Amino acid sequence: MRRSSNRKSSAAAGSGSTKAASKEFEKIDHLFNVYADKSSAIIDPEGIEQLCSSLEVDYTDVRILMLAWKMKAQKQGFFTLEEWRTGLKALRADSISKLKKALPELVKEVSRPTDFLDFYSYAFRYCLTEDKQKCIDIESACQLLSLVLGTQFGPQVDKFTEYLKSQSEYKVMNMDQWMGFYRFCNEIPFPSLENYDSDLAWPLILDNFVEWFRENQK
Amino acid sequence: MSGQSKKKPFKIEAYKHRVEVDPKYADRTWAVIEHAINEIYNHNASGLSFEELYRNAYNMVLYKFGERQYNGLVSTVTRHLRDMGKAIESAQGSFLDELNRKWSDHTKSMQMIRDVLMYMDRTYIPTNHKTPVYELGLNLWRDHIIHSAKIQTRLVDMLLEQIHRERMGEVINRGLMRSVTKMLTELGSSVYQEVFEKSFLDVSASFYSGESQQYIEVYNCSNYLRMAEKRINEEVERVSHYLDSKTEPKITAVVEKELVETHMHRLVHMENSGLIPMLVGNMYEDLNCMYNLFKRVPSGLNLIKDVMASHLKETGKQLVTDPDRLKDPVDFIQRLLDMREKYNEIITKSFHNDKAFQNALNASFEYFININNRSPEFISLFVDDALRKGVKGASDDDVDQVLDRVLVLFRYLQEKDVFEKYYKQHLAKRLLSAKSVSEEAERGMILKLKTECGYQFTSKLEGMFNDIKTSQDTMLGFYNSPYGNDMADMPAITVQILTTGSWPTQNINTCILPAEIVIVCEKFKAYYLGTHNGRRLTWQTNMGHADLKATFGKGQKHELNVSTYQMCVLMLFNSADRLTYREIEQATDIPGPDLKRCLQSLACVRGKNVLRKEPMSRDISEDDAFLFNDKFTSKLVKVKIGTVVAQKETEPEKMETRQRVEEDRKPQIEAAIVRVMKSRRVLDHNSIVTEVTNQLQARFLPNPVVIKKRIESLIEREFLERDKADRRLYRYMA
Numbered sequence: 548m549r550r551s552s553n554r555k556s557s558a559a560a561g562s563g564s565t566k567a568a569s570k571e572f573e574k575i576d577h578l579f580n581v582y583a584d585k586s587s588a589i590i591d592p593e594g595i596e597q598l599c600s601s602l603e604v605d606y607t608d609v610r611i612l613m614l615a616w617k618m619k620a621q622k623q624g625f626f627t628l629e630e631w632r633t634g635l636k637a638l639r640a641d642s643i644s645k646l647k648k649a650l651p652e653l654v655k656e657v658s659r660p661t662d663f664l665d666f667y668s669y670a671f672r673y674c675l676t677e678d679k680q681k682c683i684d685i686e687s688a689c690q691l692l693s694l695v696l697g698t699q700f701g702p703q704v705d706k707f708t709e710y711l712k713s714q715s716e717y718k719v720m721n722m723d724q725w726m727g728f729y730r731f732c733n734e735i736p737f738p739s740l741e742n743y744d745s746d747l748a749w750p751l752i753l754d755n756f757v758e759w760f761r762e763n764q765k
Numbered sequence: 006m007s008g009q010s011k012k013k014p015f016k017i018e019a020y021k022h023r024v025e026v027d028p029k030y031a032d033r034t035w036a037v038i039e040h041a042i043n044e045i046y047n048h049n050a051s052g053l054s055f056e057e058l059y060r061n062a063y064n065m066v067l068y069k070f071g072e073r074q075y076n077g078l079v080s081t082v083t084r085h086l087r088d089m090g091k092a093i094e095s096a097q098g099s100f101l102d103e104l105n106r107k108w109s110d111h112t113k114s115m116q117m118i119r120d121v122l123m124y125m126d127r128t129y130i131p132t133n134h135k136t137p138v139y140e141l142g143l144n145l146w147r148d149h150i151i152h153s154a155k156i157q158t159r160l161v162d163m164l165l166e167q168i169h170r171e172r173m174g175e176v177i178n179r180g181l182m183r184s185v186t187k188m189l190t191e192l193g194s195s196v197y198q199e200v201f202e203k204s205f206l207d208v209s210a211s212f213y214s215g216e217s218q219q220y221i222e223v224y225n226c227s228n229y230l231r232m233a234e235k236r237i238n239e240e241v242e243r244v245s246h247y248l249d250s251k252t253e254p255k256i257t258a259v260v261e262k263e264l265v266e267t268h269m270h271r272l273v274h275m276e277n278s279g280l281i282p283m284l285v286g287n288m289y290e291d292l293n294c295m296y297n298l299f300k301r302v303p304s305g306l307n308l309i310k311d312v313m314a315s316h317l318k319e320t321g322k323q324l325v326t327d328p329d330r331l332k333d334p335v336d337f338i339q340r341l342l343d344m345r346e347k348y349n350e351i352i353t354k355s356f357h358n359d360k361a362f363q364n365a366l367n368a369s370f371e372y373f374i375n376i377n378n379r380s381p382e383f384i385s386l387f388v389d390d391a392l393r394k395g396v397k398g399a400s401d402d403d404v405d406q407v408l409d410r411v412l413v414l415f416r417y418l419q420e421k422d423v424f425e426k427y428y429k430q431h432l433a434k435r436l437l438s439a440k441s442v443s444e445e446a447e448r449g450m451i452l453k454l455k456t457e458c459g460y461q462f463t464s465k466l467e468g469m470f471n472d473i474k475t476s477q478d479t480m481l482g483f484y485n486s487p488y489g490n491d492m493a494d495m496p497a498i499t500v501q502i503l504t505t506g507s508w509p510t511q512n513i514n515t516c517i518l519p520a521e522i523v524i525v526c527e528k529f530k531a532y533y534l535g536t537h538n539g540r541r542l543t544w545q546t547n548m549g550h551a552d553l554k555a556t557f558g559k560g561q562k563h564e565l566n567v568s569t570y571q572m573c574v575l576m577l578f579n580s581a582d583r584l585t586y587r588e589i590e591q592a593t594d595i596p597g598p599d600l601k602r603c604l605q606s607l608a609c610v611r612g613k614n615v616l617r618k619e620p621m622s623r624d625i626s627e628d629d630a631f632l633f634n635d636k637f638t639s640k641l642v643k644v645k646i647g648t649v650v651a652q653k654e655t656e657p658e659k660m661e662t663r664q665r666v667e668e669d670r671k672p673q674i675e676a677a678i679v680r681v682m683k684s685r686r687v688l689d690h691n692s693i694v695t696e697v698t699n700q701l702q703a704r705f706l707p708n709p710v711v712i713k714k715r716i717e718s719l720i721e722r723e724f725l726e727r728d729k730a731d732r733r734l735y736r737y738m739a
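Protein sequence lines correspond, in order, to chains V and R. So for the first sequence, my numbering puts the first residue at 548; every next one is plus one. So for the second sequence, my numbering puts the first residue at 6; every next one is plus one.
Don't read these hints as lab results, they were simulated from the structure. Worth double-checking, as some hints may not be accurate.
[Stated by the list, open to error] Straight-line alpha carbon distances no greater than 20 Å define the calculated DMTMM-like cross-link-like pairs of lysine to aspartate or glutamate that follow:
no. : chain 1 : residue 1 : chain 2 : residue 2
1   : R       : 643       : R       : 658
2   : V       : 681       : R       : 726
3   : V       : 765       : V       : 723
4   : R       : 713       : V       : 591
5   : R       : 354       : R       : 162
6   : R       : 107       : R       : 32
7   : R       : 332       : R       : 656
8   : V       : 681       : R       : 723
9   : V       : 718       : R       : 478
10  : V       : 619       : V       : 677
11  : V       : 679       : R       : 721
12  : R       : 113       : R       : 72
13  : R       : 474       : R       : 494
14  : V       : 622       : V       : 705
15  : R       : 554       : R       : 478
16  : R       : 69        : R       : 44
17  : R       : 322       : R       : 343
18  : R       : 713       : V       : 662
19  : R       : 440       : R       : 422
20  : R       : 714       : V       : 705
21  : R       : 671       : V       : 678
22  : R       : 713       : V       : 716
23  : R       : 713       : V       : 678
24  : R       : 714       : V       : 662
25  : R       : 729       : V       : 741
26  : R       : 613       : R       : 582
27  : R       : 429       : R       : 478
28  : R       : 465       : R       : 624
29  : V       : 718       : R       : 717
30  : R       : 528       : R       : 478
31  : R       : 601       : R       : 669
32  : R       : 559       : R       : 582
33  : R       : 203       : R       : 162
34  : R       : 713       : V       : 705
35  : V       : 679       : R       : 726
36  : R       : 714       : V       : 746
37  : R       : 729       : V       : 677
38  : R       : 714       : V       : 754
39  : R       : 714       : V       : 744
40  : R       : 729       : V       : 723
Please read all numbers here as calculations on a predicted model, not as lab measurements.
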């Protein structure tokens with residue numbers, strides 16, 4: 548059986564891989580250049596905004612974050628060519644329409660527990676803009692939580708963000724606390740919180756949250 | 006003659022009859038024995054021949070009439086017993102007496118009968134598994150006399166009546182009682198128990214139950230206890246005199262239960278005479294009585310111990326939270342010491358030094374002493390006071406004893422590191438103002454603390470002592486050196502050089518010293534730095550003192566002992582008679598609060614007012630002016646003005662110290678966490694908290710929340726991580 552890709556690669560034996568690669572990525576690259584900044588050859592925040600409107604998806608929509616995750620994008624607000632290629636290839640999309648269609652699939656993929664965990668921790672790291680930064684400020688953390696966990700664990704997220712905004716002890720959140728909260732949502736029934744035991748290794752911020760929550764229940 | 010004739014051979018046999026199967030033989034022989042038995046019972050034994058009877062009895066057995074003999078014995082004895090029974094039943098006033106006598110008769114008779122029938126006892130009876138003769142006699146007595154309905158009830162009633170009378174104070178015939186109970190025991194312990202002991206115990210129980218109800222209403226606690234003690238002793242004595250010894254524990258148990266156990270709680274909590282009034286009033290004997298009695302019943306001692314402990318906790322808590330008490334720390338501690346002494350006495354004198362009570366005392370003290378978080382500070386102030394003034398009129402040993410007692414209180418502290426901080430501060434002040442009464446005592450105290458808490462606790466304190474000593478040597482060296490040689494016209498200086506790490510941290514305040522002083526200081530500094538390379542000296546002007554010679558208006562000379570700051574202020578008045586607050590401030594550069602305190606002690610204290618203030622108000626304001634007080638008078642030539650004394654801290658100072666303590670604790674907690682994790686590698690949260698608390702408890706009790714925070718901080722700094730598989734575990738990162 549003739550397979551078109553084979554034919555192409557065998558025909559271009561010499562400069563085989565790059566040409567094949569570039570052939571493979573031709574449409575993808577072309578799409579990249581539509582949004583990339585001409586001078587830096589990187590899609591910058593402006594480009595992303597345009598991309599979003601093309602996709603008919605809001606800039607702040609969680610699906611963009613998921614896209615970044617699929618691309619394994621390193622820097623918030625920017626997509627490099629490599630990242631673009633990685634993402635779109637994985638989604639098997641080389642046009643806007645295909646990309647649009649791939650989004651629901653992507654959402655489903657992310658919701659799978661193992662993938663979600665990876666996505667969740669990625670979301671945090673994605674927000675660390677500075678080099679040695681280890682924490683994100685509470686305000687951003689709250690927004691991120693709503694974005695990422697809002698659909699799945701709405702009530703918990705609402706209450707937790709309410710708490711975070713009302714307290715002044717913590718001004719930033721670190722990765723340990725971030726991951727802890729996800730574990731919290733999964734393991735502790737809400738709003739009963741019945742099997743929460745502060746003697747187990749829950750981060751202190753969650754101990755305080757539970758205490759605050761219980762106080763406010765009365 | 007012819008041998009076939011059936012003539013009886015002519016034999017004379019002395020002691021042996023022919024074996025004849027003569028039925029009448031048995032009857033005849035038995036009749037003899039029966040007759041003997043009757044005679045024995047009729048007190049007519051003297052006329053009998055023992056030898057003959059024995060022979061007859063022997064023959065009965067030999068010729069196989071053992072059974073006949075045995076049965077005969079049974080029926081004969083039974084018959085006699087029946088007669089005896091009737092006699093006993095009909096006895097009027099002297100029932101027990103009659104019974105006893107008949108018993109005596111019966112046993113004597115049975116002994117004789119046994120002797121007579123000894124051969125049967127030894128041969129026929131064992132072989133045929135019959136009851137031996139004497140025992141048979143007992144059983145028959147038991148069955149026909151004791152268990153006879155008419156006799157048994159009357160017997161028991163009579164016994165119990167006698168006992169009741171004795172309990173009510175009458176004198177009874179104890180010998181008779183003894184014999185009767187002995188009879189019962191001899192009949193078998195089950196007889197004694199079934200017939201007598203059970204009823205005895207029941208009746209006693211209701212007797213004492215009634216008595217206790219009666220007395221608990223009228224007696225106060227101590228009288229009741231003595232009554233109970235008396236009753237118990239009575240019963241013990243009763244048993245020893247006329248009851249079986251096995252009854253003793255049973256009857257004492259009954260009395261203990263009825264008199265003591267049932268009313269335990271009521272007694273202890275009795276108003277005005279219960280345990281607490283006894284404790285408060287140091288009623289050693291009553292307490293001892295209570296202890297001994299309650300020891301006999303289950304959880305009696307626990308009751309006393311618990312009530313004592315909760316009373317202690319209450320009283321202690323009131324003491325430590327009473328705002329009036331908090332005004333005088335030395336008095337506060339003295340009261341605690343007195344309280345402890347008091348209860349120590351009680352436990353020694355009344356409670357036999359019972360360890361459980363000692364522990365309860367310790368636990369209670371530990372509980373309330375830590376309720377007041379100023380206890381560490383106060384204990385240090387108490388010791389400071391003792392070491393400054395000495396204990397009133399006490400010898401060295403006495404001081405030692407006082408310090409030992411204080412150390413006991415120290416042991417109860419949970420926050421020993423707070424104590425350490427204060428002790429250091431107070432010691433520093435004492436050392437620098439040379440205010441301790443006895444260096445021996447100071448050293449002694451440090452030694453005690455070292456034994457108690459280990460070297461680390463006291464190493465800095467010892468460093469402080471060493472600094473003082475070294476400084477003395479340095480001063481000698483200085484004055485002998487070229488630097489210090491020609492100081493005839495200059496003020497004499499004594500320098501204490503303090504090693505920074507050992508002494509309590511102070512903010513370094515330098516002020517502007519008088520010129521004369523500066524010269525001398527520079528000389529010393531040059532000398533010191535010449536001999537000690539690479540060191541840095543900073544003058545601690547907030548400490549130190551000076552002696553000034555002052556001449557007042559009418560020429561009176563006084564020697565003023567003042568602090569460094571005060572010296573700086575006063576020396577200004579050598580060149581000016583009047584200075585405003587601001588001028589003084591500028592000239593001396595002394596920090597505000599210190600300056601105010603300094604001026605206040607120079608101008609506003611009666612008898613020490615070497616300065617006059619305008620206006621004459623009590624407080625120092627920045628618009629005040631100060632004048633040299635020409636008219637100053639004092640009866641003393643040497644006047645001491647306001648040395649720095651260790652005082653109870655003000656609120657803000659207290660907060661500051663506490664904050665410093667908290668800060669100091671953080672690295673200690675972290676070090677402990679790392680130590681634990683290094684050796685255990687992987688551990689769950691609770692275990693870490695437990696281990697860390699164990700490691701640190703000699704110094705303070707760490708707060709679990711703080712421990713958790715430190716763990717999270719260590720996670721952030723990548724000393725620890727959460728285990729990937731089980732997120733409840735922490736893992737040490739090498």
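Comparing the hints with the structure gives:
no.	hint	in the structure
1	643/R <-> 658/R	violated, 32 Å
2	681/V <-> 726/R	holds, 15 Å
3	765/V <-> 723/V	violated, 30 Å
4	713/R <-> 591/V	violated, 42 Å
5	354/R <-> 162/R	violated, 45 Å
6	107/R <-> 32/R	violated, 29 Å
7	332/R <-> 656/R	holds, 13 Å
8	681/V <-> 723/R	holds, 12 Å
9	718/V <-> 478/R	violated, 55 Å
10	619/V <-> 677/V	holds, 17 Å
11	679/V <-> 721/R	holds, 12 Å
12	113/R <-> 72/R	violated, 24 Å
13	474/R <-> 494/R	violated, 27 Å
14	622/V <-> 705/V	violated, 28 Å
15	554/R <-> 478/R	violated, 27 Å
16	69/R <-> 44/R	violated, 25 Å
17	322/R <-> 343/R	holds, 15 Å
18	713/R <-> 662/V	violated, 30 Å
19	440/R <-> 422/R	violated, 24 Å
20	714/R <-> 705/V	violated, 25 Å
21	671/R <-> 678/V	violated, 29 Å
22	713/R <-> 716/V	holds, 15 Å
23	713/R <-> 678/V	violated, 28 Å
24	714/R <-> 662/V	violated, 31 Å
25	729/R <-> 741/V	violated, 24 Å
26	613/R <-> 582/R	holds, 18 Å
27	429/R <-> 478/R	violated, 23 Å
28	465/R <-> 624/R	violated, 39 Å
29	718/V <-> 717/R	holds, 15 Å
30	528/R <-> 478/R	holds, 17 Å
31	601/R <-> 669/R	violated, 32 Å
32	559/R <-> 582/R	holds, 16 Å
33	203/R <-> 162/R	holds, 13 Å
34	713/R <-> 705/V	violated, 26 Å
35	679/V <-> 726/R	holds, 18 Å
36	714/R <-> 746/V	holds, 13 Å
37	729/R <-> 677/V	violated, 26 Å
38	714/R <-> 754/V	holds, 11 Å
39	714/R <-> 744/V	holds, 16 Å
40	729/R <-> 723/V	holds, 12 Å
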